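Asker: Sequence:
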Amino acid sequence: MGQVHPAVIRPIRIVKPELVSFLNKMTLKSAFIRIVPLTLILFLVSCGGGPNTQICHPGKSLDCLNATDLLGQSLYKVVAANFPDELGFYKPVVHRASFSNAWVTKGGNINITLNLLRKLDETKRICIISHELAHLKSNHYYAKALRAIRLRMSKARVFALARQFELDADKLAVEYIQKAGLTKTDYLKFLYWMKKNMDSQNHAAKASIFSTHPATQERINELVRNQGRRDLPNK
36 MGQVHPAVIR PIRIVKPELV SFLNKMTLKS AFIRIVPLTL ILFLVSCGGG PNTQICHPGK
96 SLDCLNATDL LGQSLYKVVA ANFPDELGFY KPVVHRASFS NAWVTKGGNI NITLNLLRKL
156 DETKRICIIS HELAHLKSNH YYAKALRAIR LRMSKARVFA LARQFELDAD KLAVEYIQKA
216 GLTKTDYLKF LYWMKKNMDS QNHAAKASIF STHPATQERI NELVRNQGRR DLPNK
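Residue numbers for the sequence shown follow our numbering, beginning at 36 and rising by one.
FYI, nobody ran anything at the bench for these hints, they're computed from the structure. Any given hint might turn out to be false.
Claimed, not checked - Derived pair list, reagent style DSS-like, types lysine-lysine, alpha-carbon separation capped at 25 Å: (1) 172 - 219; (2) 112 - 141; (3) 141 - 126; (4) 231 - 206; (5) 172 - 95; (6) 126 - 172; (7) 230 - 95; (8) 214 - 126; (9) 126 - 231; (10) 219 - 112; (11) 214 - 224; (12) 172 - 224.
Every value quoted in this text rests on a predicted model; they were computed, and no experiment measured them.
Please build the complete structure, drawing on both the sequences and the hints.
Answerer: Next up, the structure:
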C-alpha cells in the first residue's frame with residue numbers, strides 16, 4: 036500500500052498545470068470563454084470534493100493507521116480484481132470531519148471521512164470504493180468541466196449533469212463489485228442502507244456525499260429499471 040498523500044484536499048489545489056494545458060488545447064470561440072474556465076472548474080470540483088478537512092495521518096495515530104489500512108485493504112481488493120496493472124496507483128486517504136463524505140478528484144486518491152468509514156462493513160466499503168473508482172475511470176470531473184465550458188451551462192444544468200454522472204457511476208460500480216466477488220443485490224442493499232441511514236443526516240450538509248447526487252431512491256429505481264427487479268433485495 037502506497038504512502039498517503041499528506042496534503043489536505045482543497046478545491047483551489049485541484050486546478051493543476053496539466054488541467055490548464057488540457058483546457059488550452061480546446062478550440063474556444065471568444066476571449067470571454069477563455070476567462071470562464073477557471074471559475075467553472077473551481078465551482079465544479081468543489082461540488083465533486085469535500086470542504087477543508089484534516090488528513091488522518093497513519094503515522095500520527097493508531098486510530099488513523101487502522102482506518103487507512105482498513106480502507107486500503109478494500110481498495111486493494113477492488114483494484115486487484117478490476118485493474119491489476121494499476122495496483123499501487125490508488126491511495127486510501129482518510130479525513131477527519133464532522134460530516135460523512137467520500138470523494139475523488141484528479142489523481143489516484145480515494146478519500147473518505149473517518150466517521151463514514153466507521154459505519155461501513157467490508158461489503159459497503161467495496162461498494163463505495165467501486166462507485167468512486169467509476170468516477171475516476173469515466174473521467175467525470177474533466178468531462179464535467181469541459182461540457183460546462185463548451186455549453187456555458189447554468190448552475191442548474193451543471194448539477195443535472197453531476198446527477199447523471201452519479202447514475203452512470205452506479206452502473207459501472209456494479210460491474211466492479213461483481214469482479215470483486217459481490218453481486219448487484221449487494222449494491223442495491225448498500226443503496227438502501229444509505230437511504231435509511233445517511234440521506235436524512237446529510238440532507239442539509241452542503242458538501243456531503245449527496246450534495247450533487249440524485250436522491251438515493253432515484254438511484255435504486257434506475258438500477259432496478261436497467262437490471263431487472265429480480266435483483267431487488269429485502270429491505
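Asker: Now look at each hint and say whether the structure bears it out.
Answerer: Verification of the supplied hints:
no.: 1; hint: 172 - 219; result: holds, 19 Å
no.: 2; hint: 112 - 141; result: holds, 21 Å
no.: 3; hint: 141 - 126; result: holds, 12 Å
no.: 4; hint: 231 - 206; result: holds, 21 Å
no.: 5; hint: 172 - 95; result: violated, 32 Å
no.: 6; hint: 126 - 172; result: holds, 15 Å
no.: 7; hint: 230 - 95; result: violated, 34 Å
no.: 8; hint: 214 - 126; result: holds, 20 Å
no.: 9; hint: 126 - 231; result: violated, 29 Å
no.: 10; hint: 219 - 112; result: holds, 17 Å
no.: 11; hint: 214 - 224; result: holds, 17 Å
no.: 12; hint: 172 - 224; result: holds, 23 Å
Against the hints set out earlier in the document, violations occur for numbers 5, 7 and 9.
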